[in-house]
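Colleague: Chain by chain, the residues run as shown.
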Amino acid sequence: MPSLPDMTTPNLTALAGQALADSGHVQVPAPDAGQEQFSEWLQRLGDNCLILGHRVSEWCGHAPVLEEDIALANQALDLIGQCQLWLGLAAEVEGKGRDADALAYLRDAGAFRNLLLVELPNGDFGVTLMRQFLFDAFHIELLRALKTSSDNRVADIAAKAEKEVAYHLERSADLVIRLGDGTDESHQRMQAALTKLWSYTGEMFLDDAVDQAMADAGIAPLPSSLQPAWDKTVAAVLDEATLAAPTGAWQHKGGKKGIHTEHLGYILAEMQFLQRAYPGAKW
Amino acid sequence: MYAQMVKSEGSKSRDEMTPEEIAFQERIDRNEKIEPKEWMPEGYRKTLIRQIGQHAHSEIVGQLPEGNWITRAPTLERKAILLAKVQDEAGHGLYLYCAAETLGVSRDELLEKLHSGNMKYSSIFNYPTLTWADMGAVGWLVDGAAIMNQVPLQRTSYGPYSRAMIRICKEESFHQRQGYDIMMKMCAGTPEQKAMAQDALNRFWYPALMMFGPSDKDSVHSAQSMAWKIKMNTNDELRQKFVDQTVPQAEYLGLTVPDPDLKWNEEKGGYDFSEPDWSEFFAVIAGNGPCNAERLGARVKAWEDGAWFRDGLMAHAAKADERARAARHAAE
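Top to bottom, those sequences are chains C and Z. Start counting the first sequence at 1; every next residue gets the next number (the numbering used here). Start counting the second sequence at 1; every next residue gets the next number (the numbering used here).
Misleading hints may appear alongside valid ones.
With a straight-line Cα cutoff of 20 Å, these simulated EDC-like cross-link-like pairs (lysine to aspartate or glutamate) come out [said to hold, decoys possible]:
1. Lys301/Z - Glu67/C
2. Lys319/Z - Glu185/C
3. Lys229/Z - Glu77/Z
4. Lys319/Z - Glu240/C
5. Lys282/C - Glu192/Z
6. Lys7/Z - Asp199/Z
7. Lys33/Z - Asp15/Z
8. Lys282/C - Glu77/Z
9. Lys319/Z - Asp174/C
10. Lys263/Z - Asp244/Z
11. Lys301/Z - Glu185/C
12. Lys282/C - Asp199/Z
13. Lys229/Z - Glu42/Z
14. Lys301/Z - Asp124/C
Bear in mind the hints are in silico, worked out from the structure with no lab data behind them.
Just need the whole structure built from these sequences, with the hints factored in.
Modeller: Have a look at this one:
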């Protein structure tokens, strides 16, 4: 398990900036990628981390066993930390004077770019774990590919996040296997979770114009290129877990373009409450 | 912290003690640590189980009032810090349950007693957290009071408890600082923020004073626990120390402690202050605090809803063992 940042750690954005300065990387503007598209793409990454981190943090104090409380809080922390890095960079690239907090707390739902999968309610612990596994298996492939991004800032964030996410996947895959092949009840719950979530996985691999621009600039892989590796990981884990992926082809989409489920509005109403109720206050 | 009114057993005069008990008391008087496998009086063991167990329960129930604001934390940094803090508390619970297990009681048994109402957790966690300033007040006052009690407990006579306290104290001091940092931000902020900070102090001041337990004159369980060095200071000593430390911190923030009779007493070198309303304390302990039902209900629900998860993992482990055995058998 990765160690926790201690309470004295200055904010992660500043740390990342320092790491970059130390590494001697030269900042090369991404060739041919519109800054607007680049920022949009970075917001997709940051929003996935922010919204999933929020959902996972809802478990705090309510998990089925103390070790899970600790593990989930750790995972939520990792995701919020990654979100700070991605949204911090998104704001910098955007160049309109916003920062990561402004993006997180002052955009409305239509401006959020996360996948629908990560905003779905926690459900029972099985749904939470299955959602995590399906996302982790995608997240790890994305981060691995981003380590060779033509943009050094992206590559550096990806390298840091990959270490954390490798652990997330190890943990979620292990639990999916154990619970899938546990009792009848745990099997049924995990199968129900898989069936419920499956139609929200296709969106991870849809390419659009922003993705194409990122791929053309060498910043990021096309999402569709990540699917074979994801398919392989998921098939192997589900097989060992004695679970069966649904065969229906229907897949929901919209999150990447800002068309969300009804759930996101409630997440934001809660998350943004203080910033909205007391505009301009410093916390 | 967070052990209040722990019932102590086995108070005996030296004349009534067996030679073993005398030798045990002498080890404690020499500040030797007692370790799990060593002989100890049954009363010592039982009292420690109650105290460590109550402390562990307080840590895990204590996740809830702060967990209440994680999803509403006002900035990403505050959210991360609060998550880390609440995670620390779960970690403290884990160390403490482990320390209790060395005394021959399982975590499941202790949890069963918590869930059935046969073991308590600190009264403080039965108060609601109503505004973001409460995250500041909880860190500053509640963790501050906890530290007051836990720093001396690092020297407690039972080795595993003492070592758990040493680790816990390191983290608690960060917690208190983060709470005070929130208060400083709020007090330097808008008038509404400052009003929230004052309101949080108003609501948490007396409940924080209650954390040390009833006044020494009404505290029936102290003497034996102090002889055994399970309890290091009296309730009133710690409460006084807490007030003396906290009042200047409130003044620095520009906040008013909600006690019109608070006054520096030159002669005793400490503040005179009003006692909390002990009838409220006993009502909260008896289950009638503002959030008792929600807090315990949330823990019981988490445990019951999680039964299938725990059972699933156990069943898988049994299957994996069986498969390994079959594979070994086939190989032979």
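Colleague: Take the hints in turn and mark each one as holding or not.
Modeller: Going through the hints against the structure:
The hinted pair formed by lysine 301/Z and glutamate 67/C meets the criterion: a straight-line CA distance of about 17 Å does not exceed 20 Å. For the suggested pair lysine 319/Z and glutamate 185/C, the alpha carbons sit about 15 Å apart, so the restraint of at most 20 Å is met. Of the pairs offered as hints, the one joining lysine 229/Z and glutamate 77/Z is violated, with about 40 Å between alpha carbons and a cut-off of 20 Å exceeded. For the proposed pair lysine 319/Z and glutamate 240/C, the alpha carbon gap of about 13 Å is at most 20 Å, so the pair holds.
Only pairs whose Cα atoms come within 20 Å are accepted, and lysine 282/C paired with glutamate 192/Z is accepted, the gap being roughly 12 Å. Under the criterion of a C-alpha separation no larger than 20 Å, the hint pairing lysine 7/Z with aspartate 199/Z is inconsistent with the structure, at around 34 Å. For the given pair, lysine 33/Z sits about 24 Å from aspartate 15/Z by alpha-carbon distance, which is inconsistent with the 20 Å threshold. With a C-alpha separation of about 12 Å, the suggested pairing of lysine 282/C with glutamate 77/Z holds against the 20 Å cut-off.
Using a Cα cut-off of 20 Å, the hinted pair lysine 319/Z and aspartate 174/C holds, with the two alpha carbons roughly 15 Å apart. Restraint check for lysine 263/Z and aspartate 244/Z: the C-alpha separation of about 10 Å stays at or below 20 Å, so the hint holds. Of the pairs offered as hints, the one joining lysine 301/Z and glutamate 185/C holds, with about 18 Å between alpha carbons and a cut-off of 20 Å not exceeded. About 18 Å separates the Cα atoms of lysine 282/C and aspartate 199/Z, which keeps this hinted pair within 20 Å; it holds.
Note on lysine 229/Z and glutamate 42/Z: the hinted pairing holds, with a Cα-Cα distance of about 15 Å set against a maximum of 20 Å. Between lysine 301/Z and aspartate 124/C the CA atoms are separated by roughly 12 Å; this keeps the pair inside 20 Å, and the hint holds.
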